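A.B. asks: Produce the complete structure using the sequences and hints provided.
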Amino acid sequence: MGRVYFDNNATTPVLAEVFDTMRPYLGEHFGNASSIHHHGQETRAAVERARESIAELLGCRASEIVFTSGGTEADNLAIFGLAAARDHVISSTIEHHAVLNSCKHLECLGCDITYVPVDGRGQVDPDDVRRALRPKTKLITLMMANNETGVLQPVEEIGKIAAEADVYFHTDAVQAAGKVPISVKKIECDLLSISGHKMHALQGVGALYVRKGTLLQPMLYGGSHERSRRAGTENVPGIVALGKAAELARQGFENGGDAVMSALRDRLQESLLEHVDATGVNGDGAPRVPNTTNIYFDHIEGEALVIALDLKGLAVSTGAACSSGAIEPSHVLTAMGLRPDRARASIRFSLGKQNTSQEVAFALSLVPETVSRLRELSPVYHKQAVSN
Amino acid sequence: MLGAKRQMLNTKTIAVAMSGGVDSSTVAAMLRAEGHNVVGLTMQLWNQRRLAGHSGMPEAVQGRCCSLDDVYDARRVAETIGIPYYVVNHQERFERDVVRPFVEEYLSGRTPIPCSLCNNHLKFDQLLMVARQIGADLLATGHYARVEYDESRGRWLLKRPTDLSKDQTYFLFGLTQEQLSSTLFPLGEMKKPEVRELARKSGLALAEKPDSQEICFVPGGDYKRFLDAYLAEEGDSLPDTSGELVTTSGEAIGQHSGIHNFTVGQRKGLGVATGSPLYVIQIKGDSRQVVVGPSEELYSHTLRARNVNLIAVDDLRERMRVAVKIRHRHEPAPALIESTSADEVLVTFDQPQRAVTPGQAAVFYEGDVVVGGGWIQ
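Residue numbers (the numbering used here), protein chains in the order written: chain A, 3 to 390; chain B, 21 to 397.
Do not rely on the hints blindly, as some may be mistaken.
[Stated by the list, open to error] Once the Cα atoms are required to be at most 20 Å apart in a straight line, the calculated SDA-like pairs of lysine to any residue come out as:
#1 A:314 <-> B:33
#2 A:314 <-> B:99
#3 B:32 <-> A:379
#4 A:314 <-> B:149
#5 A:314 <-> B:157
#6 B:304 <-> B:260
#7 A:314 <-> B:102
#8 A:314 <-> B:103
#9 B:32 <-> A:375
#10 A:314 <-> B:57
In case anyone wonders, no lab produced these hints; they're calculated from the structure. Keep in mind that this is a model prediction, so the values were computed, not measured.
C.D. replies: Following this line, the structure appears as structure tokens:
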């Protein structure tokens, strides 16, 4: 077996159908979607078809979709588009850095932020969100699915709390889109971010759902693109790809694709727990997206395991990479209360639509023996073994 | 040019510690050209931005081994020569085993060598373990030194390199037999210009990159500013280590600003005006006294080295005639060494040596061979 890729929460390969749909927009259909002539009309039509497809995936109107350069921009637009100095904002300790660092910057701008904690399974308690509300609360921004553990957050309950309090609710659904069905009506959110490359479309494209009537302060100034909510010539190939990926995601749910995915993930997870001792699942017992499992292998350094597996052809990940590419301790696992050594011993496996059961078998043939070798070479493991 | 260890292991995997400099990059290129499976590893040891802006530290820092530019350079080399490359995070250990001891040594009036600590605790310990865990048989570095197995003694030997002007054995005296058995120094028989030439021939964009001398986590080599900023970040202020300036006969002749500002042998900055030049002879951590005197009092006949690591011999059963180097830029001086306790060695020089400095290492040589070394008390 060549290389097996189980790091789909980092990015996914572009599906062949997505690529085929997009290809003409890298070639003959090159028009600027704002132009009045034939070339512009051609790409404008493609952009609007994609918008409709995404609206259908999320259960909203096409006019409520704003295309962005990705998940990070969508999160930034939602947060900075609404919150201003002296506002109070509620978020959580396990958000992606796109939200976490935006909130940190809001603090510099004079906002108050409450970061609600998570329990040992990695879930936010909606009551904590309710208790955090203040008269000055402007926005709740809380992710739908966590990127490291895959744990789903109680966004519907939080949406109700926000609606009752008349507070804006944004959810970062980057890791949920394409993996679980999403309905902005059920969630009762005002804003929701998705990213193309996490759902088999392209890197460099994303979208923000903005409920009709929500007044967003734009972040970019320029032309009146995207109903003046996001200036800049549309990334037509990216948008077309995102539209196609949304269509495939919808079809996937209709055909029970998420059940197939979770069966594959469960097999990987159960076999690893069975064949390697001193392991466990981070976020066990909480509802999770079907493609992710985050497993700790006590007495190893996750960093070394990731490298060792990569050299043998299996791509997985741990924590978050810092600017040098080195791995930093996971703020998510730490927030869940994991001991630092256990957080460092945790590995994320995340599957995509392209993965097969043969690939799961390959991983199962590789991981247990690699973990044993790492443990044999670990002074910590030997100390433990002696003291036991 | 092939060392015996490398020949034996032609088809095995070698991890290269890559700093982003010319030396380690050339090592990676050499080993790759010889047909080994090479994996490049860079240790992320210190966040250069961490103390930026802290009391007097520059906003934009240019450090050495942990800067993003160097990681970028190392990554480019790996890509050029076609090897897998990874950055591994050892910041916690580095702070615990290198940075904190560095700060504490200065505050107690000693002059530390962080590079030796880094070699002992990080490079040839943590990084070697990672190398083994990822399936490498050996760890290669860009140090100028040689390692050889001596059949007759049954020991691995650490030897000075061909290019004595680049000799780094002084910083490697702490290596154990176990570590030496897994280590390659492919530059041990090369001269620096040859290394640069090989880097050029290998198509490495950084072939002309200048050498760096300073301590990697201390920007611009200004350790006093670093101490200040580090302690400020910890929420501490620099403790008051000021005290008396005294002569060797015990006469107080003034005050000084803090013992961490002084190094044995230092002449400038004493803040006293006398007829003849005065030098720092000794720093007394307990009484916070800085002892000064004329140049001739800087010379010592003996020194004691502790935490001694022996390489060429397993024990010092009797007195041994060696040459002893007491700082990086010091010509090894003839001396006798003898064991005074389990990990302490008494060094008696033939000729008194100038500025024996506590905190520095005393490394013992028998010709090219490193017998061992310890920390000067």
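A.B. asks: Under the criterion that the straight-line Cα-Cα distance not exceed 20 Å, is the pair residue 314 (chain A), residue 157 (chain B) satisfied?
C.D. replies: Answer holds: residue 314 (chain A) to residue 157 (chain B) is near 16 Å, not above 20 Å.
A.B. asks: Assess, step by step, whether the Cα of residue 314 (chain A) is no farther than 20 Å from the Cα of residue 102 (chain B), and give holds or violated.
C.D. replies: holds (16 Å)
A.B. asks: Can the restraint linking residue 314 (chain A) and residue 149 (chain B) be considered satisfied, given a maximum Cα separation of 20 Å?
C.D. replies: holds (18 Å)
A.B. asks: Does residue 103 (chain B) sit within 20 Å of residue 314 (chain A), going by the straight-line distance between their CA atoms?
C.D. replies: holds (14 Å)
A.B. asks: Taking only the CA atoms, is the gap from residue 314 (chain A) to residue 57 (chain B) under or equal to 20 Å?
C.D. replies: holds (13 Å)
A.B. asks: Assess, step by step, whether the Cα of residue 314 (chain A) is no farther than 20 Å from the Cα of residue 99 (chain B), and give holds or violated.
C.D. replies: Roughly 18 Å separates the two Cα atoms, so the pair holds.
A.B. asks: Quick one, are residue 32 (chain B) and residue 379 (chain A) close enough, alpha carbons at most 20 Å?
C.D. replies: holds (18 Å)
A.B. asks: Does residue 32 (chain B) pair with residue 375 (chain A) here, judged by a C-alpha cut-off of 20 Å?
C.D. replies: holds (17 Å)
A.B. asks: Keeping to a limit of 20 Å between CA atoms, is the pair of residue 304 (chain B) and residue 260 (chain B) held or broken?
C.D. replies: This hinted pair holds, its Cα atoms lying about 14 Å apart.
A.B. asks: Would the pair residue 314 (chain A) and residue 33 (chain B) pass a check requiring their Cα atoms to be no farther apart than 20 Å?
C.D. replies: holds (13 Å)
Hint compliance for this structure: no hint is broken.
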